[in-house]
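*Asks:* So you can see what is in the structure, the chains are spelled out below.
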Amino acid sequence: MSKEHDKGMSLIVKVITRLTVGLILLFGIYIILHGHVSPGGGFAGGVIIALSFVHLMLAYGKDVALKKFPKTAMSFFESMGAILFLSIALLGFTGGYFFLNFISKGEPFRLFSAGTIPLSNIAISLKVGAGLFAIFVVLVLLKFEWEKKE
Amino acid sequence: MIIYLLCLILFCCGLYCILRKRNIIKIILGIIIAEYAVNLFFILVAYRMEGRSPILSSDVEIVNMVDPLPQALVLTAIVIGLATTALMVALAMRIYEKYKTFDITKIKELRG
Amino acid sequence: MIELYVLLIFMIIGAIIAIEMKDILSSVIAVGAVGLGLSIALLILKAPDVAITQLVVEILCLIILIRATLKKDLPFSTTGRWLLNTLITVGFIVVFLFVAIKAFKDLPEFGYPIMRIANTYLKEGLVRTGASNIVASVILDFRAYDTLGEATVLFTAVIGVLAIIRRIGRKKKDEVVEEDDE
Numbered sequence: 000m001s002k003e004h005d006k007g008m009s010l011i012v013k014v015i016t017r018l019t020v021g022l023i024l025l026f027g028i029y030i031i032l033h034g035h036v037s038p039g040g041g042f043a044g045g046v047i048i049a050l051s052f053v054h055l056m057l058a059y060g061k062d063v064a065l066k067k068f069p070k071t072a073m074s075f076f077e078s079m080g081a082i083l084f085l086s087i088a089l090l091g092f093t094g095g096y097f098f099l100n101f102i103s104k105g106e107p108f109r110l111f112s113a114g115t116i117p118l119s120n121i122a123i124s125l126k127v128g129a130g131l132f133a134i135f136v137v138l139v140l141l142k143f144e145w146e147k148k149e
Numbered sequence: 000m001i002i003y004l005l006c007l008i009l010f011c012c013g014l015y016c017i018l019r020k021r022n023i024i025k026i027i028l029g030i031i032i033a034e035y036a037v038n039l040f041f042i043l044v045a046y047r048m049e050g051r052s053p054i055l056s057s058d059v060e061i062v063n064m065v066d067p068l069p070q071a072l073v074l075t076a077i078v079i080g081l082a083t084t085a086l087m088v089a090l091a092m093r094i095y096e097k098y099k100t101f102d103i104t105k106i107k108e109l110r111g
Numbered sequence: 000m001i002e003l004y005v006l007l008i009f010m011i012i013g014a015i016i017a018i019e020m021k022d023i024l025s026s027v028i029a030v031g032a033v034g035l036g037l038s039i040a041l042l043i044l045k046a047p048d049v050a051i052t053q054l055v056v057e058i059l060c061l062i063i064l065i066r067a068t069l070k071k072d073l074p075f076s077t078t079g080r081w082l083l084n085t086l087i088t089v090g091f092i093v094v095f096l097f098v099a100i101k102a103f104k105d106l107p108e109f110g111y112p113i114m115r116i117a118n119t120y121l122k123e124g125l126v127r128t129g130a131s132n133i134v135a136s137v138i139l140d141f142r143a144y145d146t147l148g149e150a151t152v153l154f155t156a157v158i159g160v161l162a163i164i165r166r167i168g169r170k171k172k173d174e175v176v177e178e179d180d181e
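Residue numbers (numbering that gives the first Met the number 0), protein chains in the order written: chain A, 0 to 149; chain B, 0 to 111; chain C, 0 to 181.
Rather than coming from a laboratory, the hints here were simulated on the basis of the structure.
Remember, predicted model here, so these are calculated numbers, not experimental data.
Just so you know, nobody snuck in bad clues.
Taking lysine to aspartate or glutamate and the EDC-like style, the derived pairs with C-alpha atoms no more than 16 Å apart in a straight line are:
hint: 1; chain 1: B; residue 1: K25; chain 2: C; residue 2: E19
hint: 2; chain 1: C; residue 1: K21; chain 2: B; residue 2: D102
hint: 3; chain 1: B; residue 1: K20; chain 2: C; residue 2: E19
hint: 4; chain 1: C; residue 1: K122; chain 2: B; residue 2: E60
hint: 5; chain 1: B; residue 1: K20; chain 2: C; residue 2: D22
hint: 6; chain 1: C; residue 1: K45; chain 2: B; residue 2: E49
Full structure from sequences and hints, please.
*Replies:* The following block contains the structure:
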């Protein structure tokens with residue numbers, strides 16, 4: 000029991016975190032995908048996905064969380080989100096002008112409607128989620144170094 | 000007009016905190032409060048009496064909705080505010096590491 | 000609209016508590032209360048998109064503030080020429096309030112906005128983009144340049160934080176300073 004007290008928080012927090020982290024991630028994905036029929040969108044969903052990983056890191060310590068989402072994957076997802084968003088914008092040139100909505104818009108109120116808006120939501124959410132989690136990891140690592148030196 | 004005045008008083012509370020406090024973290028909190036006040040002011044301008052939220056639904060015909068344009072602007076501004084706050088906190092942590100204090104009256108050496 | 004006034008007064012009281020507390024942890028929690036009141040006020044003003052975003056962004060902001068500056072609460076005192084400084088600050092704020100109240104006379108009355116362009120967005124939003132959420136169609140189809148600019152600003156902020164925190168050590172003669180990799 001003493002080995003689990005080394006990093007992270009107590010046992011109750013770890014058990015509850017194991018149950019709820021997957022639900023928070025699922026909720027974030029739901030808000031991103033339904034961004035064009037109900038309130039939410041890419042920004043809120045991206046922040047919720049970053050919050051689920053922050054929750055994992057706060058409860059278990061930084062080694063477990065960094066194993067699930069390593070640093071190379073963080074930089075890969077962030078750059079990929081930005082490149083995806085720019086390529087959706089540039090592909091609008093095939094129809095006429097920059098940022099044209101060129102995919103066919105289906106019937107309203109369904110999930111597969113509204114042209115490029117769901118794809119833009121997914122790209123934005125990747126970028127925002129990975130970037131904010133990277134900021135948090137770097138700030139916590141610096142503080143960790145402080146406490147080791149003092 | 001009273002409600003605009005209350006929003007402005009909230010902004011002035013943040014402004015007083017930026018100008019008069021000596022601790023860097025308190026200055027950062029003042030900037031955050033001023034940011035909240037400005038975002039609230041944008042949404043207050045966009046409200047319409049007896050309006051509905053700007054989301055269409057398939058079974059009810061909605062006639063008057065509130066203004067959707069300032070809501071789009073504020074959505075962007077909130078996330079940019081978070082990025083600014085993170086940058087300020089990173090700077091504050093570096094300042095603490097170098098000078099061992101958060102007091103702005105003791106941080107006055109210009110070194111290369 | 001009485002609940003809107005009550006919420007605004009609650010936020011002002013929370014801000015005054017956050018300013019005057021001597022303990023930094025309590026101030027951060029008071030700012031969190033102000034943000035929560037703002038999120039509820041945004042719901043009353045019929046803006047659900049903005050309310051969701053404000054709530055989760057404020058939670059992350061609180062976590063960053065608390066996690067990065069824990070256990071460093073310093074007592075700070077107001078010494079020196081504090082009377083003159085306080086008077087000048089209060090005078091500046093009074094002048095600012097006076098000028099702002101004069102400028103408010105040009106605003107339309109609360110609840111009756113001028114919606115010249117927004118009427119076009121509301122009428123043709125569903126037909127031209129196919130999205131039911133009109134705010135989403137505004138930020139991702141009618142005004143997508145602003146979203147591109149905001150993505151760039153976020154990217155720059157992440158790079159900035161990483162550049163500030165990363166330490167490039169100088170190798171002294173006998174010891175090796177380890178590098179804090181990004």
